[in-house]
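Peer 1: Chains U and F, in that order, are what the protein sequence lines are. Reminder that position 226 of the first sequence reads as 226 in my numbering, one-by-one numbering, no gaps. Reminder that position 88 of the second sequence reads as 1088 in my numbering, one-by-one numbering, no gaps.
Check each hint, because a few of them may be wrong.
Lysine-lysine pairs mimicking DSSO-like chemistry, simulated, CA-CA at most 27 Å apart [said to hold, decoys possible]:
no.: 1; chain 1: U; residue 1: K355; chain 2: F; residue 2: K1075
no.: 2; chain 1: U; residue 1: K100; chain 2: U; residue 2: K139
no.: 3; chain 1: F; residue 1: K1115; chain 2: U; residue 2: K207
no.: 4; chain 1: U; residue 1: K207; chain 2: F; residue 2: K1142
no.: 5; chain 1: U; residue 1: K193; chain 2: F; residue 2: K1142
no.: 6; chain 1: F; residue 1: K1075; chain 2: U; residue 2: K193
no.: 7; chain 1: F; residue 1: K1086; chain 2: U; residue 2: K355
no.: 8; chain 1: F; residue 1: K1017; chain 2: U; residue 2: K355
no.: 9; chain 1: F; residue 1: K1075; chain 2: F; residue 2: K1017
no.: 10; chain 1: F; residue 1: K1086; chain 2: F; residue 2: K1075
no.: 11; chain 1: U; residue 1: K193; chain 2: F; residue 2: K1115
Bear in mind the hints are in silico, worked out from the structure with no lab data behind them.
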Amino acid sequence: MAQKEFRHLSRDKRTIRLIIFMPLVQMMIYGFAIDTDVKHLYTVLQDEDQTPISRRLVQAFEQSAYFDIKKRVQNPQELREALDRGGAKACLHIPPNFAKDILAGRPPKVQLLVDGTDSNPANTASNTGVAIVQSFVQKEGLVPIRVLPIDFRPRMWYNPDLKSAYFFVPGLVGLLIMLLIPTVTASAIVREKENGNIEQLLVTPIKPYEIMIGKILPYVLIGLIIAGTILAGAWFIFDVPIRGNPITLFFLTLLFLTVCLGIGLLASTLATNQQQASQMVMFFAAPSILLSGFIFPRENMPLPIYYLGSLIPLTYYLKIVRGVVLKGLGVWGLRDQILPLVVMAAVILFISVRKFHKRLA
Amino acid sequence: MNRIAIQTKDLTRRFGKLVAVDHINITIHYGEIFGYLGANGAGKSTTIRMLCGILTPTSGTATVGGFDVNTDPEKIKTSIGYVSQKFSLYQDLTVRENLEFFGRIYQLESERLQKRIEDVMQLTGLKEYERFEARVLSGGWKQRLAVANGLLHEPKILFLDEPTAGVDPMSRRSIWELLYQLADQGVALFVTTHYMEEAERCNQVAIISRGKLLRGGTPRELRESVSGQLLEVECSPLMKASQAFSRLPGVVGLTAYGTTLHLNVANAKSVETALRDTARSQSIAVASVKPIAASLEDVFASLEKEMGTGD
């Protein structure tokens, strides 16, 4: 059964192209094109203090490579104009008594204005700015060191260069499995129904579970190949370090695959033709991309949406794959993600296997 | 008489209120070609599905190859072959790949499988198409492939659901030759069809309508069962003639066939005289009147008529 499925696949040039090229193209798109990194931001400086300390702060900003101080202005009007007219993305303002205040132990008011039109880079820019100031203050040792409320996002910790490829590329493994596997599984099964093959199979001594395993097995393999391709690409092309245990990742990917296959199977029992099946899967996949935290951090979502996201298998798998790849977490560290996936896998498989049986009988 | 291959006893299947198959009793022996006749929706496919062990009967029993459809459906599956109405093999696999795939499902070990594949390709003449994908084959060759596929595991009973639907006359003929060959080898063949001329080729025929078995027997018995005699009348205009003739005393049934009418009559002589009189008075041109033997189509028509008056 499984061998036959591979033969089907080898005849189906379109699906093959989809399976091979989609991961690569997506990896390139998300890895290179969607660059939410904030680098060489056009920055305007108004330094009203002009002391060695203020200059050292400016230097700290310049050295960070995130802010390029390209223009120095003398008054607030010029500063405002630079921002308004769109050229500048950020403005650093150091007030007149900056050095004096620091020496007197009064916290000086350094202002960083960021163009917030595009919220993602703006967020990053302001976070980076805060980080630079804090490290500057510590380094200078001029102010009694406060306990810093470190609320940096983890990606900052584990991705010190803030490369978005680190963030997106491992996540792609999950996204692609989520997009491809249920679709191909569902349409492979529905195709048998459409062509009347199932009827021929029914009069043979083959058992329903054998049909199912045979249909599913090749797609498990394809899922693993996709995962392998992307992680290899992540490693070679984007220098994403793989810090965790690949074997852990392998088994957890298998778990996620099970959930996705279950979704495909379920869709196949409900749909009567291939188009319906893929539409059904898409209906499920689209919110998955948006709500799982693949692009937008779930922490910023309104509470109901946040909870909705926790019903999506991809949400957990993203945490797993990022956790293993970037943080080097093991099974125990990811237990909060693994458990829901196991439950989902069990529920979805149970329902779809039962429906599959009924449908055949 | 050969041993019994298939026997049903009051086999019945309901779908909700609809009685698709209603207390059917049939017996089929090995080496026999059994023709199961009926209009679309008469219950042919439902009967086959029950006999193949895919559908459980609502009531009644049937044994197929010695196994009970109610208790041993899985064992039936290993001992029968099934050729479905629609081509249901894999279009994107080659002839050989299709055969290999189904052979493996029937758990033929590889050496025997290879031999069987050669055998069935030889039998059906598919050898030269071995490496062609099924979808490029014409309807007739596809059907031969389906038959070849059904024969792989050497079943002693073969079900064919309208094996020649949509197949050109030449291929139809060679498929029938193949079926005779199988029957000679002692295989029981259960064939559904709605082509009457095909039914004539069967050893045994059963006619069903709305789930009920109307009549069964050899084609000759069925033809002879049409009571009275049959007159073929070539005349025009046909519609006017059919109205006029159906009112004549002694005419039991009337069916139009092309430019002729088939009249089922009690007494050929007296009806012919009355018929010619009526024709003359109503200016109907009668070219010829001759007694003919009933075809299965006539049987079918007269049975349908009986059913109609029965309701």
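Peer 1: All hints, please: hold or fail.
Peer 2: Evaluated hints:
At most 27 Å may separate the alpha-carbon atoms for a hinted pair to count; K355/U and K1075/F meet this at roughly 24 Å. Of the supplied pair hints, the one linking K100/U and K139/U holds, its CA atoms being roughly 18 Å apart against a limit of 27 Å. Between the alpha carbons of K1115/F and K207/U the distance comes to roughly 25 Å, so the proposed pair stays at or under 27 Å and holds. For the suggested pair K207/U and K1142/F, the alpha carbons sit about 26 Å apart, so the restraint of at most 27 Å is met.
The suggested pairing of K193/U with K1142/F holds, with an alpha-carbon distance near 19 Å, which does not exceed 27 Å. Proximity of K1075/F to K193/U is assessed by CA-CA distance (about 24 Å); at most 27 Å being required, the pair is judged to hold. Pair hint K1086/F plus K355/U holds up; C-alpha atoms about 25 Å apart against a cutoff of 27 Å. Note on K1017/F and K355/U: the hinted pairing holds, with a Cα-Cα distance of about 24 Å set against a maximum of 27 Å.
Distance hint between K1075/F and K1017/F is unfulfilled; the C-alpha atoms sit about 30 Å from each other, more than 27 Å. Restraint check for K1086/F and K1075/F: the C-alpha separation of about 24 Å stays at or below 27 Å, so the hint holds. Restraint check: the Cα-Cα separation between K193/U and K1115/F comes to about 30 Å, which exceeds 27 Å; the hinted pair is violated.
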